[in-house]
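Number of protein chains: 2
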Amino acid sequence: MRISELSGASGVPVPTIKFYLREGLLPAGTPTARTQAVYADGHLRRLRLIRTLTEIGGLRLRDVRAVLQAIDDQALGRHELLGRVHHALGPHLDGEPSPEEVRAMAEVDRFLGEVGWRVSRQAPARRALARALATLWRMGRDADAAVFEPYARVAGELAAREVATVSPTASRPEAVEGAVVGTVVFEAALVALRRLAQEHHSARRFEPGRGG
Amino acid sequence: MRISELSGASGVPVPTIKFYLREGLLPAGTPTARTQAVYADGHLRRLRLIRTLTEIGGLRLRDVRAVLQAIDDQALGRHELLGRVHHALGPHLDGEPSPEEVRAMAEVDRFLGEVGWRVSRQAPARRALARALATLWRMGRDADAAVFEPYARVAGELAAREVATVSPTASRPEAVEGAVVGTVVFEAALVALRRLAQEHHSARRFEPGRGG
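So the sequence lines, in the order shown, correspond to chains R and V. Mapping the first sequence onto numbering that gives the first Met the number 0, position 77 (from 1) lands on 76, and the numbers just tick up by one. Mapping the second sequence onto numbering that gives the first Met the number 0, position 179 (from 1) lands on 178, and the numbers just tick up by one.
A couple of the hints might just be wrong.
As the list makes no split between identical chains, a pair holds if one copy fits it or if it spans any two.
[What the hints assert, rightly or not] Derived SDA-like pairs (lysine to any residue); straight-line CA-CA distance at most 25 Å:
(1) LYS17 with GLY139
(2) LYS17 with SER97
(3) LYS17 with MET138
(4) LYS17 with GLU99
(5) LYS17 with ARG204
(6) LYS17 with SER119
(7) LYS17 with GLU95
(8) LYS17 with ASP40
(9) LYS17 with GLY94
(10) LYS17 with PRO98
(11) LYS17 with PRO96
(12) LYS17 with ASP93
(13) LYS17 with GLY115
(14) LYS17 with PRO30
(15) LYS17 with MET104
(16) LYS17 with ALA74
(17) LYS17 with ALA145
(18) LYS17 with HIS78
Note that these hints are calculated values from the structure, not bench results. Bear in mind the structure is a predicted one, so any value in this text is a computation, not a measurement.
Work the whole structure out from these sequences, hints included.
Next comes the structure, spelled out in structure tokens:
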């Protein structure tokens with residue numbers, strides 16, 4: 000297909016596709032004339048993945064690049080490939096942790112040990128959880144990580160179900176797409192659903208007159 | 000307290016505090032000399048709220064401003080105040096919806112009706128959920144919104160518990176802080192915990208040799 004058709008099928012504007020081509024995120028098409036090229040289904044598939052990573056995942060360009068390079072690096076085993084992808088998906092918390100955050104990280108380590116989850120020291124979500132706890136402290140809540148227990152329980156239920164649906168025989172791009180959809184797209188859905196549920200329950204509690 | 004002490008207590012650097020003062024997000028302190036002022040506990044409290052909104056909630060400055068103005072606007076009733084806050088918390092999806100997204104929104108409406116949640120037409124999370132569904136379609140998944148059912152179930156459980164902890168007699172700043180913590184801080188924790196749980200379950204399934 001031509002670049003305009005690639006744009007139509009992916010929903011990505013032509014100038015953005017050209018930008019991805021220049022940046023090497025998308026491999027060049029097959030030239031048909033001095034200024035024209037045709038693109039294959041692999042291009043469309045990659046473009047859709049890039050769009051999901053940026054629009055739903057909110058990934059920075061360098062993290063999109065890390066995901067794509069991991070797919071293309073055939074020397075990476077399946078588990079390492081998915082590890083790289085998960086790391087690129089973030090969240091990315093930069094800067095030195097505050098003293099509060101360091102204290103919260105120790106508490107998060109203790110909590111994860113109690114829950115019995117085996118996660119790498121470098122998992123970015125460890126620090127994200129510690130930051131959430133440190134924020135609670137800063138907002139005057141006298142809490143330890145046990146306050147997250149109901150959240151850990153449902154997160155565990157969802158994750159067990161999600162991991163069970165991963166096909167061990169999927170191709171590399173399929174496996175990465177599966178990981179991205181499972182992590183990023185369903186995360187966006189979960190966050191949206193929780194906000195909708197909060198509105199519903201809040202209205203029920205504080206505006207009972209409106210029915211419901 | 001002086002601005003340096005306010006900075007120490009809030010963890011917000013002095014230049015950032017000066018920026019908030021210039022922007023009117025933080026009311027001026029009480030002047031003690033031509034270039035000095037002292038700040039009260041209300042300043043510290045507001046500064047902590049601003050930090051949570053920007054760092055954990057990822058809010059844009061104009062949305063932080065909307066939250067603070069809603070707190071200060073005594074003409075707003077409690078329910079309207081919290082509605083404004085929730086709206087400012089986003090997510091903010093700009094631009095015209097794509098035809099795919101429009102189709103997904105109709106499906107999301109149908110789904111919410113089935114689940115029985117009463118949420119306003121303008122709730123930003125409606126569109127966020129529709130976008131997640133449209134993304135699934137784009138990634139080649141042949142799904143309707145029923146795919147979100149397990150997520151809606153746990154979101155409903157969590158929200159019911161969260162709303163039950165809201166005190167109806169809290170002051171305006173307390174009520175807003177409660178809404179922000181409940182929505183934004185626990186959302187960050189939930190997202191982090193789901194990612195940690197995914198890593199744990201993925202390792203159990205795909206690296207069983209490492210024990211588990």
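Item checked: Hint numbers not upheld by this structure, sorted from lowest to highest -> Structure breaks hints 5, 6, 13, 15, 16, 17, 18.
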